[in-house]
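Novice: Sequence:
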Amino acid sequence: MRIQFAGIELANPVLAASGTFGYGVEFEEIVNLEKIGGFVTKGISREPMAGNAAPRIIETASGMMNAIGLQNVGVDAYLEQKLPPMRNYPRCAVIVNVFGGTARDYVEVIQKLNDAEGIAAYEINASCPNTDHGGMVFGTDPGALSDLVWRVKQVAKRPILIKLSPNVTSISQMARCAEESGADAVSLVNTFVSLAIDIDTRRPRIANVTAGLSGPAIKPIALRMVWEAAKSVKIPVIGLGGIVSAEDAVEFLIAGATAVQVGTATYADPRASERIAHGLEHWCTRHHIEKVTDLIGTLDTSKK
103 MRIQFAGIEL ANPVLAASGT FGYGVEFEEI VNLEKIGGFV TKGISREPMA
153 GNAAPRIIET ASGMMNAIGL QNVGVDAYLE QKLPPMRNYP RCAVIVNVFG
203 GTARDYVEVI QKLNDAEGIA AYEINASCPN TDHGGMVFGT DPGALSDLVW
253 RVKQVAKRPI LIKLSPNVTS ISQMARCAEE SGADAVSLVN TFVSLAIDID
303 TRRPRIANVT AGLSGPAIKP IALRMVWEAA KSVKIPVIGL GGIVSAEDAV
353 EFLIAGATAV QVGTATYADP RASERIAHGL EHWCTRHHIE KVTDLIGTLD
403 TSKK
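Just so we're aligned, residue 103 is where the sequence shown starts under our numbering, counting upward by one.
What you were told as hints is all true, and nothing was included just to trick you.
Under the rule of at most 20 Å between Cα atoms (straight-line distance), these lysine to aspartate or glutamate pairs were calculated in the EDC-like manner:
#	residue 1	residue 2
1	Lys255	Asp243
2	Lys259	Asp217
3	Lys259	Asp249
4	Lys321	Glu161
5	Lys255	Asp217
6	Lys336	Asp396
7	Lys259	Asp207
8	Lys255	Asp207
9	Lys333	Glu282
10	Lys336	Glu111
11	Lys259	Asp178
12	Lys255	Glu282
13	Lys214	Asp178
14	Lys333	Asp402
15	Lys259	Glu111
16	Lys321	Asp371
17	Lys333	Asp396
18	Lys214	Glu149
19	Lys336	Glu281
Computed Cβ-Cβ distance ranges for the label pairs, DEER-style:
#	residue 1	residue 2	range
20	Ala156	Leu401	39 to 45 Å
21	Ile160	Asp249	32 to 38 Å
22	Pro244	Thr387	40 to 46 Å
Honestly, the hints are just simulated from the structure, not real lab data. We put the beta carbon where it would ideally sit given N, CA and C, even for glycine.
All chains should be built: construct the whole structure from the sequences, respecting the hints.
Specialist: Listed below in C-alpha cells is the structure:
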C-alpha cells in the first residue's frame, strides 16, 4: 500500500483533507493516525484568523456547505502548540496547508515553517471560495497562480502541492500552469461556490452569502476534473471530492490520482479516513492487486 510522490513516502494513499481534520492532534484518541497515509492541516496563515460569522455551515442534499473562513491559530501558535504532538506519529505524514492574502503572506508563513521538524510537505491553498482574503484570485487567474507558485517554490524547503479551484473554465490549464511554475504536485478539487436561500426570510442561509459545496454531490465532477488534470501534467495529482468509501478512492486512483484525500465524510464518521484506508487494502486483496500503484491512471476510455 506504500506510495511515493514528490519525494514523500506514505504508508498508504489515503490522506485526511484540510479543514476537516483540524491540526491532527485532535483526532489522536479517535483515529489510529499511523493507519492513514497522513493528513493536511487546516489552513495556516501568518496571523491568527477568527473566520466568518455564523451561520457558516449547513447540510445539503448529499453534502454540506461551509464558509468557515479559514479560522486558525496562526503560524507561530501552530509551531508552538499544534505541531509538536504530531511527532509522536512518525508514520503519519503531516502536510501543512498554507494560506495568505498576498503572495508575500504565503512566503512568510513558509519561511517560518521551513526549519520545523515533522512536516512532509506544504499544500498551497490557492482556491478557497469562502473568504475575502485572496484565495479565489490565485485559484482562478493563471497569471496570479503562476506568480504565487514561483514565489513559494523559491523559498520552500519541502515539496509543494498546489490546491486547485474547480471554479474555473479549464482545470487542465490551471494544472499545467502550476506545473510549469514549479509545483511538485497538485491537489483537486476544492469546494464549489454555492448558494442556499431561506425561502421564509428570503435571506441567504449562510452569513457569508455564498459558501463552498462539498460531499458526495460533487464526486462525479471532481472525478472528471482529476482525470482531466492527470492527463495534462506529469506531476502527481492528489484527488478529493466526495470520497466516502474505499470504492470511491479506487475510482479516483483509476482516474489518475496518485493519492486521495477524505474530507466531508469525516464530519459524519470521524474515522472515515482510517476506514477507507483499511477498506482500500482489502479491496486490492480481493481483486488481486499486488500494488495499489497498479491502479493509477488505468481508466479505459476506448470504444468497444
